[in-house]
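Protein chains in written order, with this note's numbering: chain V, 5 to 279; chain W, 6 to 265.
Worth double-checking, as some hints may not be accurate.
What the hints assert, rightly or not - Pair by pair, the computed Cβ-Cβ distance ranges are:
| # | chain 1 | residue 1 | chain 2 | residue 2 | range |
| --- | --- | --- | --- | --- | --- |
| 1 | V | 258 | W | 35 | 46 to 56 Å |
| 2 | W | 35 | V | 213 | 26 to 36 Å |
| 3 | V | 172 | W | 33 | 12 to 22 Å |
| 4 | V | 141 | W | 42 | 18 to 28 Å |
| 5 | W | 18 | V | 141 | 47 to 57 Å |
| 6 | V | 110 | W | 17 | 33 to 43 Å |
| 7 | W | 20 | V | 122 | 14 to 24 Å |
| 8 | V | 122 | W | 10 | 17 to 27 Å |
| 9 | V | 22 | W | 42 | 33 to 43 Å |
| 10 | V | 48 | W | 232 | 49 to 59 Å |
| 11 | W | 42 | V | 265 | 48 to 58 Å |
| 12 | V | 181 | W | 51 | 37 to 47 Å |
Honestly, the hints are just simulated from the structure, not real lab data.
Glycine residues also receive a C-beta, built at the ideal position from the N, C-alpha and C atoms.
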Amino acid sequence: MPGISEIRYRILRRLVQVGVLSLFVAGNAWGWKVLQGNLSSSLLFGTVPLADPFALLQVSATGTMTAAKALLGAGIVLFFFAALAGRAFCGWICPVNIVTDLADTASSAVGGGSRPLRMSRNARYWVLGLSLILSAWFGIAAFEWISPVGALHRGVVFGMGMGWTAVAAVFLFDVFVVKNGFCGHLCPLGAFYSLAGRWSLVRVVHSKEQCTNCMRCIESCPEPQVLPMVGKRDGAVLSGECTNCGRCIEVCPDGAMRFGLRTQVSVKDPKEVAL
Amino acid sequence: MKNRRQFLIDAGRGIGIAAVGGLVWAGFLQGKKAYPTVLRPPGAVDEARFLAACTKCGLCVAACPYQALVLAAPGDGRPVGTPYFVMRDRPCRMCRDIPCAAICPPGALDTGLVSDGEAGKAGLNINKARIGLAVIDRETCIAYWGIQCDACYRACPMIDKAITVDPVRNDRTGKHAILGPVVHSDHCTGCGMCERACVTKKASIFVLPRRIAMGESSDRYIRGWEAGDEKRLEEAPKDTTTVTPRSGKSPTDYLNREDL
Numbered sequence: 005m006p007g008i009s010e011i012r013y014r015i016l017r018r019l020v021q022v023g024v025l026s027l028f029v030a031g032n033a034w035g036w037k038v039l040q041g042n043l044s045s046s047l048l049f050g051t052v053p054l055a056d057p058f059a060l061l062q063v064s065a066t067g068t069m070t071a072a073k074a075l076l077g078a079g080i081v082l083f084f085f086a087a088l089a090g091r092a093f094c095g096w097i098c099p100v101n102i103v104t105d106l107a108d109t110a111s112s113a114v115g116g117g118s119r120p121l122r123m124s125r126n127a128r129y130w131v132l133g134l135s136l137i138l139s140a141w142f143g144i145a146a147f148e149w150i151s152p153v154g155a156l157h158r159g160v161v162f163g164m165g166m167g168w169t170a171v172a173a174v175f176l177f178d179v180f181v182v183k184n185g186f187c188g189h190l191c192p193l194g195a196f197y198s199l200a201g202r203w204s205l206v207r208v209v210h211s212k213e214q215c216t217n218c219m220r221c222i223e224s225c226p227e228p229q230v231l232p233m234v235g236k237r238d239g240a241v242l243s244g245e246c247t248n249c250g251r252c253i254e255v256c257p258d259g260a261m262r263f264g265l266r267t268q269v270s271v272k273d274p275k276e277v278a279l
Numbered sequence: 006m007k008n009r010r011q012f013l014i015d016a017g018r019g020i021g022i023a024a025v026g027g028l029v030w031a032g033f034l035q036g037k038k039a040y041p042t043v044l045r046p047p048g049a050v051d052e053a054r055f056l057a058a059c060t061k062c063g064l065c066v067a068a069c070p071y072q073a074l075v076l077a078a079p080g081d082g083r084p085v086g087t088p089y090f091v092m093r094d095r096p097c098r099m100c101r102d103i104p105c106a107a108i109c110p111p112g113a114l115d116t117g118l119v120s121d122g123e124a125g126k127a128g129l130n131i132n133k134a135r136i137g138l139a140v141i142d143r144e145t146c147i148a149y150w151g152i153q154c155d156a157c158y159r160a161c162p163m164i165d166k167a168i169t170v171d172p173v174r175n176d177r178t179g180k181h182a183i184l185g186p187v188v189h190s191d192h193c194t195g196c197g198m199c200e201r202a203c204v205t206k207k208a209s210i211f212v213l214p215r216r217i218a219m220g221e222s223s224d225r226y227i228r229g230w231e232a233g234d235e236k237r238l239e240e241a242p243k244d245t246t247t248v249t250p251r252s253g254k255s256p257t258d259y260l261n262r263e264d265l
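One chain only, chain W, in its complex shape:
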């Protein structure tokens, strides 16, 4: 039987080896979480929770009737074993029964996020999917050059809602219109049909995850042109002064100090 000293040495050695292995492993895992541009199936919960919950079973991929979903294999440059879209190749066809989300065992795809009201088959609404947001590169989009092209607009399953064509004057010719496509984030599901349809060599309209494609304005601005937005002023805290260490002093003292 080992004595206590030997036991402690062995235990320490075990912990040391485990720490070495654990740190290498930890470094690897840290790198695995940084894939910001991956496009998840409809109903996906936010990316951090998705990565935790997804068991990499591929049932969503198998359920996709258009074989649009891909399960990331090592070397794909996506989190391994998780589902993603490549819109230029195979966009989401927005099935009404959303088979990918409905089959997900651990709930990484949550049908509640793509349902009207209570989660359930009757209430499924694929239009609520937010796979991503289509973004247009106006410098390479030929419609913005003044050439007539409405491929993305025609391909959009939410035509006239998610993509509209807004005519503006073509200053170059002075007598034509530019019929430029415009994406509206309140309707765009990020299905990617536009990216697939785009005629330029590399798509000039493409889907990015919303957290990357969208900015966020601060809520301190009141949009006076929007009915009711002014009401937010009533809820605003009364004390809105910025407090810094200097706030305690009076302005006159401050301006009259010699070391200004």
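Excised from the complex, chain V in its bound form:
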């Protein structure tokens, strides 16, 4: 069993993820005014609009004019993640992360094992492009119609229906087909936040001095390609694909990883800036 400090961020992320969803449920069921709606668009404290910028991007790809309220909401959310938190939506808000973390735990518990399919992590950018093309083609926000993310958060707040099948499919895909398959390879929402969050302020920072090259961070990272500097040099994780989940920090026995600001460590290797 891992010690509590080894899953401290995981616990914190669960609290945030479940907390946000609970507030939405309370908003719908009892009219609490903290968060109403769902992750697609919502009202904070009954006044501040929030909206999924990727959903709005698809809507605009259909050529539909959106009301200012939704645009403002998308702007607020986009600013928060792009300027501050990076791809933290995936690790801290998205309820599908709970499912895929569970899938990861489940498959490690039975020894991991090789999965039949290898897939490029860049597939998600193709899916992102496809969602915009199909939105323009059919005049409906393409990903929102098949999104397991939407199926799950809408399902929890407004009633699941057959939406559990999409969620189960994501779980089974991750366990049996591709490791970190959905969040790390396919999800265009994650791809969107990877692109949008590239220049954000909050970053995981590695210090080489404390590192003992145990590689536990890379083993436990859902996006291990973002950690090329481990054991080699000091540096912040600059790839937008890092979800700021803090998994590397909590498993590091040497204190070589921590949350910091991107400005704290100067960029020495320009290659790191690349996606």
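Once you've looked at the hints, dock chain W against the given chain V.
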């Protein structure tokens, strides 16, 4: 570093895989657009634009004080994540402040469509809602059998405007009246209170989207019994002859041709 040939092969393969996925996805989306009978909240823009604009956030559903609106879950047989009514269960109560339309962030519900004059809270007028149109099946409606029933008429919030009861002679008995309900499309909001109230086993008055419930007559007919309709003749184009390839020939030539 990959050479150019390998790069082109990889790019081609990527596009191929994306095309496979995209076509499957496209087929799915095409099917998703075909739900003609779904009943949208008051102020909904036309269905094609509604499907494009709605972000599936459910704020309208949460705002409905009567919990009449439902957010479509997968398997409901409605476009997933979008709001709809099931009138037989929970009809629209026609709130004066129209909370569902007022809260909609992307404007898929447009308060301008349910307002008098300028869009705005002061001008909201729920009577302008056009959720659908009530349609009566006269074969199962017991009022049209000659049995006295005015459940839908009494339930209608626009009583005597959207539904009237028109007495006609009952030819079967020869001495009674049939008090049949009649729906008037210029006042019916499609709220569904009549469908809820209908006493038959399956409702004999039910709401359908207007684009399905209504026909459309061609505007070439002049309704001479309506004052002013004749004025449209003045605006009619002078050249109203149908032109076909045959029009160039004179009728006599045509009739005298041997291959007629």
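Here's how the hints hold up against the structure:
1. 258/V with 35/W: 46 to 56 Å: 55 Å, holds
2. 35/W with 213/V: 26 to 36 Å: Given a distance of about 58 Å, which is not inside 26 to 36 Å, the answer is violated.
3. 172/V with 33/W: 12 to 22 Å: For residue 33/W against residue 172/V, whose Cβ atoms are near 18 Å apart, the range 12 to 22 Å holds.
4. 141/V with 42/W: 18 to 28 Å: 25 Å, holds
5. 18/W with 141/V: 47 to 57 Å: Given about 23 Å between the Cβ atoms, the range is violated.
6. 110/V with 17/W: 33 to 43 Å: 37 Å, holds
7. 20/W with 122/V: 14 to 24 Å: 19 Å, holds
8. 122/V with 10/W: 17 to 27 Å: 22 Å, holds
9. 22/V with 42/W: 33 to 43 Å: Because 37 Å falls inside the window, the suggested range holds.
10. 48/V with 232/W: 49 to 59 Å: Taking Cβ atoms as reference, residue 48/V and residue 232/W lie about 56 Å apart, which means the hint holds.
11. 42/W with 265/V: 48 to 58 Å: 55 Å, holds
12. 181/V with 51/W: 37 to 47 Å: Once the Cβ atoms are compared, 41 Å apart, the range 37 to 47 Å for residue 51/W and residue 181/V holds.
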